[in-house]
Amino acid sequence: MKLHPPSAGESVLVLAVHPDDESLGAGGLIQLAVAARAEVRVVFITDGDNNPWPQRFVERRWRIDSAARKRWGERRQGEARAALACLGVPPENIFFWHYLDQGLTRLLLDGGGEFIARLAATILRWTPDLLVAPSPRDLHPDHSACAVMPNFALAGKTLPPARRGRLLEYLVHSRETAPPRGTVEIDLLPGQVERKRQAILRHTTQMALSRERFLAFAQASEV
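Read left to right, the sequence shown gives residues 3 to 225 (our numbering).
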């Protein structure tokens with residue numbers, strides 16, 4: 003099924019678990035929304051700082067202490083800003099929540115109360131027509147844990163039905179060979195595919211070990 007992109011005046015909120023998920027999972031949708039003059043906001047749940055193997059490879063170090071992790075997270079924040087600039091999102095619409103990378107499952111098992119309340123308040127304040135979030139089928143534990151949170155936030159009594167937009171889910175880490183039932187797709191023009199590719203390339207720390215896998219997301223159809 004083809005997805006009609008947002009229209010002028012509508013609002014899109016993208017939840018990116020780590021810097022790079024915004025480009026991999028929604029780089030085409032973000033472009034189309036910006037081109038249509040919809041307002042796009044992107045929230046990064048974590049800074050992607052618990053990313054040891056690429057950091058060891060890039061920095062040629064084995065031991066990664068808290069200072070090194072913090073520096074890596076700040077570097078990935080910068081890459082995310084550069085990628086979103088490539089996709090047309092202004093810096094004032096980019097937000098970092100700094101939750102613990104590789105810690106969202108524990109957050110969920112502990113009830114997720116503060117996170118869910120913060121997300122519900124954010125949705126209530128911005129009233130997005132389209133909420134883009136990770137899929138619960140994603141194999142990365144941070145993604146699958148984060149995927150549960152919007153459903154709790156949208157089901158809360160603080161969010162009246164009139165303030166709840168559509169929910170779309172993106173899948174980054176998967177072994178699925180075919181899209182499941184209910185999948186929607188966005189067709190991208192060659193120039194839009196190339197711009198998505200350029201946004202992905204802005205995540206230079208991830209190119210060292212995942213270049214081929216990441217660039218495979220730059221296709222003419224975004225699922």
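Everything labelled a hint here was simulated from the structure, so no lab data went into it.
Glycine included, every Cβ here is placed at the ideal spot set by N, Cα and C.
Please note: incorrect hints may appear among the correct ones.
Quick list of simulated restraints, FRET-style, between CB atoms [unchecked claim]: (1) A69 with G184: 43 to 51 Å; (2) R120 with S68: 21 to 29 Å; (3) G80 with R58: 14 to 22 Å; (4) G113 with Q200: 34 to 42 Å; (5) A222 with A157: 15 to 23 Å; (6) T179 with G90: 17 to 25 Å; (7) W64 with R168: 19 to 27 Å; (8) W99 with F59: 20 to 28 Å; (9) R73 with A10: 20 to 28 Å; (10) W55 with H100: 17 to 25 Å; (11) G80 with G184: 29 to 37 Å; (12) F59 with L126: 38 to 46 Å; (13) T206 with W64: 20 to 28 Å.
Quiz item: Between G113 and Q200, is the Cβ distance one that fits in 34 to 42 Å?
Solution: 40 Å, holds
Check the following: the C-beta atoms of T179 and G90 are separated by a distance inside 17 to 25 Å. Distance hint for T179, G90 is violated at roughly 32 Å.
For the pair A69 and G184, does the Cβ-Cβ distance stay inside 43 to 51 Å? 45 Å, holds
So does G80 sit 29 to 37 Å from G184, Cβ to Cβ? Distance hint for G80, G184 holds at roughly 36 Å.
Worksheet item: Okay, R73 versus A10 on CB: inside 20 to 28 Å?
Response: 40 Å, violated
*Starting from the range 21 to 29 Å, see whether the pair R120 and S68 falls in it by beta-carbon distance.*
Check passed, 24 Å falls within 21 to 29 Å.
Exercise. Cβ-Cβ distance between A222 and A157: within 15 to 23 Å?
Worked result: 36 Å, violated
> Is the gap between the beta carbons of W99 and F59 within 20 to 28 Å?
Replying inline: Given a distance of about 27 Å, which is inside 20 to 28 Å, the answer is holds.
Does the Cβ distance between G80 and R58 fall inside 14 to 22 Å?
-> 20 Å, holds
Could you see if the CB distance from W64 to R168 stays within 19 to 27 Å?
-> 46 Å, violated
*CB of T206 to CB of W64, is that within 20 to 28 Å?*
Since the Cβ atoms of T206 and W64 sit about 21 Å apart, the hinted range of 20 to 28 Å holds.
H100 and W55 - C-beta distance against the hinted 17 to 25 Å = 22 Å, holds
The structure does not agree with the numbered hints 5, 6, 7, 9 stated previously, though it agrees with the rest.
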